[in-house]
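Asks: Read off the chains here:
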Amino acid sequence: MTDMPTADSPTADSPMTGSAMTEGPATDRPASDAVPALQVAGLSLRFGAVHALDDVSFDVRAGELFAIIGPNGAGKTSLFNLLSRIYDPTAGTIHYFGDDMIRLRPHHLAGVGIARTFQNLGLFRQNSVLDNVLVGRSHLMQAGAVRTGLSLPSVRRSERANRAAAMEALEFVGLTSVAHLPVGILPYGTQKRIELARALSMEPRLLLLDEPVAGMSRDERGVIAGLISQMHHDRSLSIVLVEHDMGFVMSLAERVLVLDFGRQVALGSPDEVQANPEVIRAYLGEPVEAEAAS
Amino acid sequence: MTTFVQLLFAGVALGAVYALIALGFTVVYRSSRVINFAQGELLAFGAFITSWLVLTANLPFWAAFVIGAVATALVGWAFQVFVLRFALGRPEFTIVMLTLGLATVLSSVLPTLFGNFPRSNGDVFGSSALHAGGFSFFWVQIWTIVAAIAVLLGYGAFSRFTKYGLAMRSAAIDPEAALAVGIPLRRVYATSWFIAGAVSCIGGVFLGGYPSSVSPTISDVALLAFPAIILGGLDSPSGAIVGGFVIGVVQELTQGYQPRYIPALGNDFYVIAPYVVMILVLLVKPYGLFGSKPAERL
Amino acid sequence: MTAVMSPGLRRFTKPATVVAILVVALLLPFMLSDYWLSTAAFVLIAAIGALGLEVLTGRTGQISLGHAFFLATGAYVAGWIGGNEHMSAAVWLPAAGIVAGVLGAVVGPFALRLRGLYLAIVTIGLVYIGQYLAATWTGFSEGAGGRSIPDVTFGSLNFTNGFSLGSLSINRNGCYYYLALIILVLAMLYVRNVTRSTLGRSMVAVRDRELAAAVLGVNVARTKVRAFVISSALAGISGALYGAFLSFVVPQEWGLVLSIQYVVMIVVGGMTSLWGPVLGSIFVIGLPALLQDVSSSIPFLSNGSNNGVIAPSDAANIVFGVVLVAFLILEPRGVVGIGHRIAGLARRRAAAQAAQAAQAPPPDTTTPTNPTSHEEVQATS
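Residue numbers (the numbering used here), protein chains in the order written: chain A, 920 to 1213; chain B, 324 to 621; chain C, 991 to 1371.
Treat the hints as calculated values from the structure; they're not laboratory data.
Where hints are given, some of them may not hold.
Chain C residues, not near chain B, derived (Cβ > 12 angstroms throughout) [to be verified]:
| no. | residue |
| --- | --- |
| 1 | Phe1020 |
| 2 | Ser1159 |
| 3 | Glu1243 |
| 4 | Ala1344 |
Selected chain A positions facing chain C (in silico; Cβ < 7 angstroms) [stated by the list, open to error]:
| no. | residue |
| --- | --- |
| 5 | Gln1038 |
| 6 | Gly1041 |
| 7 | Leu1053 |
| 8 | Met1121 |
The beta carbon of each residue, even a glycine, is placed where N, CA and C say it ideally should be.
Could you put the whole structure together from the sequences, leaning on the hints where they help?
Replies: Laid out in structure tokens, this is it:
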């Protein structure tokens, strides 16, 4: 089982680097090629008579960029909330790198290396960009009330290291220039990038992106697509993203899961999925040309 | 055995008052999701003004009672219309503190207007009692129970069978939908505060009946209704009413038996017994015995 | 800390300003009458407790009406260790803080299971249970009649007699004033350090969006408990000093009204600001003192001799209630928030004038689209 990191885990003091990212929060990691990042089997979620999800099964390979799409009400958000342990499934199992994930609560996720972004932005608008990103480092640093208040050297060192790591995440998304501005006055597209930076600063092995380009202009989508692609290649992260925008998804994802009315309609490469008549029918339209979302 | 029956009866009478107070709370909470921490002070206001009208203004008790209830109802109504209305949608802390602000103001206005000493509630029952089967039941307690049941049944009928009652219940379930259907939310809220004020006054007057009196600490007694509400769950008026009677009985029995059997807890443990019971219940069931966890949005 | 502060507040907390305030604070006892010096001492003592409540309610968002309970704990610990065990303040002051802090750690877990309203009610229950214990546990609190609390002593220095150094002489009031000042400054430094740390950020995250904070990796449970511990420890120290200064306390002191007064302090002062508690304390402690002082000249205020309509303490309470309501509705960020508004207005006017004077360059996509936005920045210190 992946041990949950203790208060001052080995990586807490080192600035986040590419290699630290692939090492992950714990010090021993099995070779992740064989074990899938996520194994979902027979997952169902029922609210009374409503079937939000019905018998969904799929794997996400380690290091894969996986997308979940489907029309409105297809169950994408329910699936996402199940993966981030906000909901408990009515049936089925979820395994994270081989370990049972259902017994985890939402506050365990950061410690095992799972980070997620939020559809409606979980940013704290009145704090600075840097402060928001720093919240993502919380699970890596937990000094007590006494040591913090006395501002002991160990606390200050840890704080400096975490700031450096947070700034690195901001640099990756290209936002170091606004690090000290309050989040609330920044444009929506920028805020989405800050969320990405925060998720990155958590040093995850699995990244769950909830509609990362919702409400964005074409240019902004291109920027985000580039960042996600870069994250995927540079840091060998496993990424699961939920999105509406077909073009965006098709150009980025290695494999796609299509949901409709809570049921699994198709699972395969973007080309396979686009050609699938069930998928076409679900969206009631022509397959979208896989033009780059730029 | 005599003691037990007498205590039980006193407990039911006390519980009837708590049930009334609890009703006042839940009426406001169910319509607007506001917990009125000033309920105790409203109760005190009602008791004091009724008593004053009888003892100083020399009005007959029933006239004073009605005027007192209307006056208290108006105070509650005014607070909603002139203050609380502007705090719609504010965080819970703000709402809690606003009602506590009202409580603070009332707690100092009352001794200023009426003086700081205990006095009779001015009712017509005094210390007269019904003697039956070897027991003595104070008339004021009998009438407390009768009045409480009448009010509870009356409110139940109002809630279920009138348009306004339906409007209030709809507003509680979904304010936006209620608005969309044309329910005048502001009037609903104002009405619920009016009812809460009136009900508080009734409770206060009876609470101040023999052998008790109307004193500045009467508002503290009203706060003991909180455990009743917690027990029943904030969402459930019937639960709150049941909780009220349970707490009343628990208190009277504790007052009667605790000093003899568990003296280590002090002489007046019954004063805080409801809170202790409440805390113990909440440890096990964080939303009360019948309450339910509200859905949490991410 | 890369704190985001409006220029106005930055001016206020620049080292030079802080030093100036400290100098004034140090000299104040020599400028005030004895009545106002004792009031000032009460202000500083209360500010320590208010600071604690700011951490718990203002910063971490936990509704607590139980502050009176922890204040009482501090006072009775001081009474016991100082009075019954005859030990110096060097023992009972920290002990008051520690005992109260431990009790805070016991109450803290309630906040984990209970949401807003329920937590508020439990903390109200705590106050009543505390008063009951104060009246009943006579071995410790000497019962309903109240108990005396000894003056602060540090070895040979006894506050009762004041303090003399050469020609400089400080009376009892002055001694308490300076001790409270030292402790308040230390407490503010402590809270400021916490604010700028992970714990401080976690507190704000828990306050603003608890579930999201948990998913982001914030340890919500530990954060809440730590907030309770810090808050109650500060309350304990404040209560201990308060008891010693008053010399005699009764269970009636520690009621719901006292808890509400502390909430008024932080609401009026400013709920997420280091200076808010001090400002609020000046208001809540100063107003009744002022009313008492002028009660002989104002006809409707009653004092010992005249037949006024209303007692000064009642008048003050009414003002507190009204002011609390007013601030909650109109300016929830308190006096500090008003300061921000003024600073923001000044900034906007200056920016408008600057923009008129020069041609503004075209904005690029990463700079804020609205530099004069009314989104006021939350200063964290």
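Asks: Run every hint past the structure and note whether it holds.
Replies: Against the structure, the hints come out as follows:
No Cβ of chain B comes within 12 angstroms of the Cβ of phenylalanine 1020/C; the nearest lies about 35 angstroms off, and the non-interface call holds. At roughly 40 angstroms from the closest C-beta of chain B, the C-beta of serine 1159/C stays outside 12 angstroms, upholding its exclusion from the interface. Glutamate 1243/C, annotated as away from the interface, keeps every beta carbon of chain B farther than 12 angstroms; the closest lies near 15 angstroms. No beta-carbon of chain B comes within 12 angstroms of the beta-carbon of alanine 1344/C; the shortest separation is about 36 angstroms.
Because the smallest distance between the Cβ of glutamine 1038/A and any Cβ of chain C comes to about 11 angstroms, over 7 angstroms, the interface hint for this residue is violated. With 7 angstroms as the threshold, the beta carbon of glycine 1041/A comes within range of chain C, its nearest partner Cβ sitting at about 4 angstroms, so the hint holds. Among the interface hints, the one on leucine 1053/A holds; its C-beta lies about 6 angstroms from the nearest C-beta in chain C, closer than the 7 angstroms criterion. Below 7 angstroms, beta-carbon pairs count as interface contacts, and methionine 1121/A has one with chain C at about 6 angstroms; its hint therefore holds.
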